[in-house]
Amino acid sequence: MDKNQYLDMFIDESNEHLQAMNDYLLKLERNPTEESFINEVFRSAHTLKGMAATMGYEDIAHLTHQLENVLDMIRNKTIVVSSELLDIVLSSVEVLERMVHDIENGGDGKGEISFIMKELVKMESGTEVASTEEVSTPKKPFELPNYDDFELTVLSQSIEQGYYAYNIRISLREDCILKAARVFMVFEVLEKLGEVIKAVPSVEQLEEENFDEDFQVTLITREKEETVKGKILTISEITFVEVDLVDVNNLFQSNHPETPQEGGVELEQRENENDQSEVIENKVGKGSGKTIRVNIERLDTLMNLFEELVIDRGRLEQISLEVKSQELTETVEHMSRISGDLQNIILNMRMVPIEQVFNRFPRMVRTLAKELNKEVTLEIIGAETELDRTVIDEIGDPLVHLLRNSIDHGVETREVRQRNNKPPQSKITLKAYHSGNHVFIEVSDDGAGINKEKVLNKAIADGVITKKEKENLTDQQIYELLFASGLSTAEQLSDISGRGVGLDVVKNKIEALGGNVTVDSEIGKGTTFSIQLPLTLSIMSVMLVKVQQECFAIPLTSIIETAIISKSEILTVHNRKVINFRGKVVPLVDLTTFFEVPQTMEQGEFYPVIIVKKGEKMAGLIVNSFIGQQEIVLKSLGNYLINVFAISGATILGNGQVALIIDCNSLIK
Amino acid sequence: MSDTLLNDLKVIVFQLQNEEYGVSVEQVRSIERIQHITRVPKTPIFVKGVINLRGVVTPIIDLRSRFDMEEVEQTESTRIIIVSVNDMNVGLIVDSANDVIDIPAEDIEDPPEIVGGIEINYIRGVAKLDKRLLILLNLDEVLTQQEIEEIQTIEATMQ
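Line order of the protein sequences matches chains A and B. All residue numbers in the first sequence are consecutive under UniProt numbering, ending with 669. All residue numbers in the second sequence are consecutive under UniProt numbering, ending with 159.
Since the hints were made in silico from the structure, they are not lab data. Careful, some of the hints might be misleading.
As the list claims (entries may be wrong) - Lysine-lysine pairs mimicking DSBU-like chemistry, simulated, CA-CA at most 30 Å apart:
hint, chain 1, residue 1, chain 2, residue 2
1, B, K48, A, K635
2, B, K48, A, K546
3, B, K10, A, K546
4, A, K567, B, K42
Owing to the predicted nature of the structure, the values given are computational and were not obtained by experimental measurement.
With the rest of the complex left out, here is chain A:
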């Protein structure tokens, strides 16, 4: 068998399962008694084990097997969920992640697992004493499934109404190929007879063929045992059926050793009912989101082909205008609308929720906080916010930097917080939201805030600014200093951050993505880092302008406004042309001379000017005429022309010609 074709799938799915384990383990830590969490973890571990074994990654299979044993004990309540236990379980998940990552990078997926295996075995054997007691109760040939209170209520009520409740054990033939199909047929038969209220393993797992040969279902029906058995046996490839009446009274007692007070039971039941509905909702959510995986390159090709279509559409529109045939015009208009919709769909396909990036943070924060002996809760808001795939791939590292920074420098230790009358647990909030054509991601903490004096002193000591400059800085400008390279305000270096690399790297990265970072802080209340990013890297809004006969595009994000100024308003300062624009002196750049455009027309008495900005600085670009605003697709100039001065890329216009995009940041010094 050629494994390679399954490798991508294996890696993707393994990562998903590992992520799910992480998520639910962390949830479990907060809510150790919640059974559905541990079940999810167990399910993921089990699937992972199966996949790894199939693909021949034995180390992963071994480790997950051992992990499964421990998880099983948690599930059966023979071991108590403790922080130490979770530490070990989480770190084994981490080891698994490393191994999967290794496979992703072409490795053989082998890893150093002996240490973590030992820990897991220790966990398992350490509690063996406790577990033996339970084992001593003689096991029946097959165990009845564990019914929860809700199911028990349903069972008892049905029996009261004259139904029978059967627990049915079914075995499939060992060589049965389409197990899920058989299961489906069994369920179809059973559902005709009555109602299935429970299946072990769960219906989902059965559908995914996550079982060996046997499974159990609990059925409520009016039919007799023999009828049920007979009907099931009509399905082929079933070797064995056993139908048992369920003794509900017995079960009730075993579930509630002490008869609790009436009210208490009811309350519990209601809670369980709620849980049940939650679980169902989850299932619905999973079912509706059917997906297929598509290589991003294919999407890019699709996008390229589509762009050609757009160009042809432009030509067709032109032709239909000239021909003036109504039929042609109508068809072309219809085509334009359809291709507009198509464009939206294609663009949306490239969008993925930022959840993918956020997912790995809870565990990271937990580990870091433990290391630093701080108590931190991480709140994530807006994980469903969507971003272009290319941005998602790049944004992870900067966010890790910011979070580390917040945990290390931002929040205080428990003692300090208590001294300052703050709740002992500090909180870090990670928030993502859309606004206009941008996505904002904020990392805020409720820590001590930025000490401006300290930043200033450090900046002066490191030679980033001079003492003189210090006087005129606004708060914003002081915070900006944090992003200067070689500056760290941590009093002592730690492993996590404070090596003077970090924030400047963050800033560079974000700016390379076409976004920016700002900081806001209040002493004693906390600090917020805010990242602003374009929604997608490939599509942007621009202003198209004509410089002589050539067409250029200026990103709207850099434009403050457009203006028409008369020749007499232009002043010269030091031989440079400037204008007085809304009370500010703005230098002018004549794009014709700057880009050495062949001169074909004389400027009249009035100059169209586009005022652009870079940070606080501004400049006015003289052009010949404005064409208008347009959404364009950003393209690179190719590998041959790299680093063309003041040009950030190119785009293809409706007429099929290429227009260059002006990089305003390099125009303003």
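Once you've looked at the hints, dock chain B against the given chain A.
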């Protein structure tokens, strides 16, 4: 280099100023008619700009100007040969391109010493075919980034 010369070579033949040149077929993506070229400012003189090649922005070099020949008006027969070298797609403007031929390995000779100068780098060999002489180009050298960068820095210092 000598190894590749031992094999027969399939080349695209094109004309530049009454001389015939050849580039290996494997390096050629397509041959295009001349179309609108968008000028890119602040690039070396021989970079004529970029074109939209089926949705991909492709840089265009004028080979005449790259080889320090006199530039001429574009005619009906002017072609752009799109070549792909080292992950770079670049179009080369030539006077005309109209032939694909096989050259037996024994007909290829090393470039004559007298050519001299910087040009020697991008000539890979000379092929004798009856009475025609075909200059085989080494595209890697034609598109060397290093030289471009040098030119760019020279230009930058002149400003």
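Against the structure, the hints come out as follows:
Restraint check for K48/B and K635/A: satisfied, since their Cα atoms lie roughly 18 Å apart, inside the 30 Å limit. Between K48/B and K546/A the CA atoms are separated by roughly 19 Å; this keeps the pair inside 30 Å, and the hint holds. A C-alpha spacing of about 45 Å is found between K10/B and K546/A, which places the hinted pair above 30 Å, so the restraint is violated. Annotation: proposed proximity of K567/A to K42/B holds, straight-line Cα distance about 28 Å (limit 30 Å).
Hint 3 from the list above is the single one not met by this structure.
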